[in-house]
Amino acid sequence: MSNSNSLGDYPHVTKKESSTTTPHKYVFKDFKLIFIIALVSLVLIAPSMTPFTMVQAQQPKQVTLTAIVAEPKERWDSLFADALTKLRERHPDMKIDIDYRVLPYADTRKQILTAMAGRTPVDLISVDQIWLGEFAEGKFLSDLSNLTQSWNRSSEWFKTNWDGGIYNGKVYGIWAWTDVRAMWYWKDLLNQSGVSPDSLRTWNGYIEAAKKIENATKDKGVQAMHLVGASHSPDMWYPYLWMLGGEIVKQKSGHPQKGTYWFPAYNSTQGVKALEFLRDQVKAGIKPQINHFWGKEFADKKFALMLEGSWLLGHFPRNESKNFDKSVGMIPMFPVPKEGDTSATMMGGWMLSIPETSTNKALSWELLTIMLQPDVLAPMLANYAYLPTQKPIAEGTYSTQLNSTIPYYKELISMLAIGHSRPSIAEYPQLADNIRQAIDEVYLGTKEPKQALDDAAKKSAEVLGWS
Amino acid sequence: MILKLEARAGILQPYLLLVPALSILVGFLLFPLMWNIYISMHNVSLTTILGEWKYVGFKNFSNLLHDPDFHKSLQVSLLFVGGSVALQFFVGMVLAVVLNQHIWGSNAFLALIIIPWTVSAVITGFSFKFIFSDSFGVLNYVLEQMGLNPVAWLSDPEVVVWTLVIANMWHGTPFTVIFITAGLFSISPVVYEAARIDGATKIKSFFYITLPLLRPFIIINLILITMWSVNFFDLILVMTNGGPLFASTTSSLYMYRQAFEFGLLSKGAAVGFLLIGLNLVLAYSYIRLFGRQEKTVEIRQR
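Going down the list, the protein sequences come from chains A and B. Counting with this note's numbering, you get residues 1 to 467 for the letters of the first sequence. Counting with this note's numbering, you get residues 1 to 302 for the letters of the second sequence.
Worth double-checking, as some hints may not be accurate.
[What the hints assert, rightly or not] No more than 30 Å apart at the CA atoms, straight line, and that leaves these computed lysine-lysine pairs for DSSO-like:
{"id": "1", "chain 1": "A", "residue 1": "LYS450", "chain 2": "B", "residue 2": "LYS4"}
{"id": "2", "chain 1": "A", "residue 1": "LYS296", "chain 2": "B", "residue 2": "LYS72"}
{"id": "3", "chain 1": "B", "residue 1": "LYS129", "chain 2": "A", "residue 2": "LYS211"}
{"id": "4", "chain 1": "A", "residue 1": "LYS250", "chain 2": "B", "residue 2": "LYS129"}
{"id": "5", "chain 1": "B", "residue 1": "LYS59", "chain 2": "A", "residue 2": "LYS458"}
Simulated from the structure, these hints should not be mistaken for laboratory data.
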């Protein structure tokens, strides 16, 4: 028993070994070993250190700008490549690179917000107009007011687009390009249904046409008209609200904390009438689509008519653009209540902003301004069928180029005059969710439009702090 | 002196060995939990995160308890978790028992059946979204070809939660199959042999041998699949984003949307804390329920 191994079941370790080798000796031995390894490493590394630092001193300064932008990637590839070439030319003393992450739309806002909240340095971001208030309120964006003053190009922007980048009197973003929603239809399907495109211009005509097209195309696997029933369905309701003179929110005094602040205004008579039109579409057999493929479903001829953004053109092969108007028609409007009424549409697109966490603000601003130069931006707009926010592109020589490459370009540009934008306030995502709920309730027939909008507005008022 | 140091080292050794595990536990479990509670008692949103955090006590919890949308999400969770757990457990148990009969190809099938569980919930969500799509889905196409009316799988508030339960069943059942199979392997064939000699039928063997001996596995399996179903939201996010009309907004999805879509971090944290409580209550209920049955069996045997 006396010879038993105190280390349990490890027969290779004898008691003699364990008793003569104390922990102190192990520690001392380890220390000596670490010291020797460190010394050898130093001897090996040291000769390479001096030349390295000398070479480094001779090399141009390396700067890597970082950016978070929204899909599709290709548009950013071309835009960043062209702008970077010009930026490098201006700074031969520097080695400038851009590390940009392209994210799906839904992830972009979350990723930017978490990056900003975590103080991650990012030099440039793409901002949807509805996010601007939220980002500016959170102090995530750099104030570009002074820079834009010395830049002196603000007057070249369409007023609505320039104002879209302003929050509480300060410039936080420059609206780079926009898009408008319009009415697109397959000419052959309308012909087969005996529907005249002109009849689509009024609410009654639109609903009657839906019934006719449905009857004529139902056996072909084609649905008559597309109605958005997804999370962004409010975007397709706003044009009807605006064309009737309604607003989403309006300023009101008496706010418990803020004095004068935004108050929900979408449950007005105009809002109710606009929602009744959506309800009538459902009653006429138009099915709200919970999956929205942003025009792909129209390009695949699953629908005879679709109210969709100008990006829909990107789903058609580029080489077909010359003959595009022979097969697809476009009416630059949303249907109006009666003949002669003025239509409205919603403008989207992207702004460019510099986060507060940017470590290269001056260089980022320079890059941003290069990206917005007409000679850099216009080719990208022509490639992806986006609409300009600045007059030199919309009205100058570039417009000829865009007109020859983007089908229905003139008609799309004409819609900018009836374009509206959503409020860029911090609480907008919650308000949109309240409106979406009201629309869903009307689609499903659980509430009448007035009741649904009043209930939603009550929630929105609470969100805005009116309680 | 050295002996004293050795003795002290001997006393400290077990505690020192615990340090890495405890550090991980504190760093990755206890600290986030405490931080979550701290945030839930302040007014933090993504727009105020860099500013001052105002202490609001239990206001976020109180607001939640008065929020009809949260009540609705609890009802949806109840249906989703109840349906998912019942189906996953029943189908998983049946498959495990069948595969344990050593029929030809059962091992290969067992290896294949794990695939749905290894596929990410997001991919599962996208796949089922296209299968169940109201307008372009494969399922409605098949129904129409058979002369039946298409079903609004994802847009009918009465149907949507059951559509999600089916998708979750496909995704989660393999875990039950593998887990119960492991339990079945642990039962000695000698027990069945003895029962067979005593004249027990296969059905009697299942109810009087298999089920009682599987009880610890069943408890753990039920606890795990329940907790996962309570916390599960990515598949739902992809398939329906909680719609239509909150009909598929479970409490976990409600939490996600509050925190990350609307930036209301404190409200999201409060929901998260309530979900932890819900998970604990459910786990405790399972243990009490099955533990009590075990005691009853023991008393009867005496």
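Status of the hints after comparison with the structure:
In summary, the hint linking LYS450 of chain A to LYS4 of chain B is not supported, as the alpha carbons are separated by about 84 Å, beyond the 30 Å threshold. Taken as a hint, the LYS296 of chain A and LYS72 of chain B pair is broken in the structure, with Cα atoms around 34 Å apart against an allowance of 30 Å. Annotation: proposed proximity of LYS129 of chain B to LYS211 of chain A holds, straight-line Cα distance about 28 Å (limit 30 Å). This hinted pair does not check out: LYS250 of chain A and LYS129 of chain B have alpha carbons roughly 38 Å apart, beyond 30 Å.
Annotation: proposed proximity of LYS59 of chain B to LYS458 of chain A holds, straight-line Cα distance about 20 Å (limit 30 Å).
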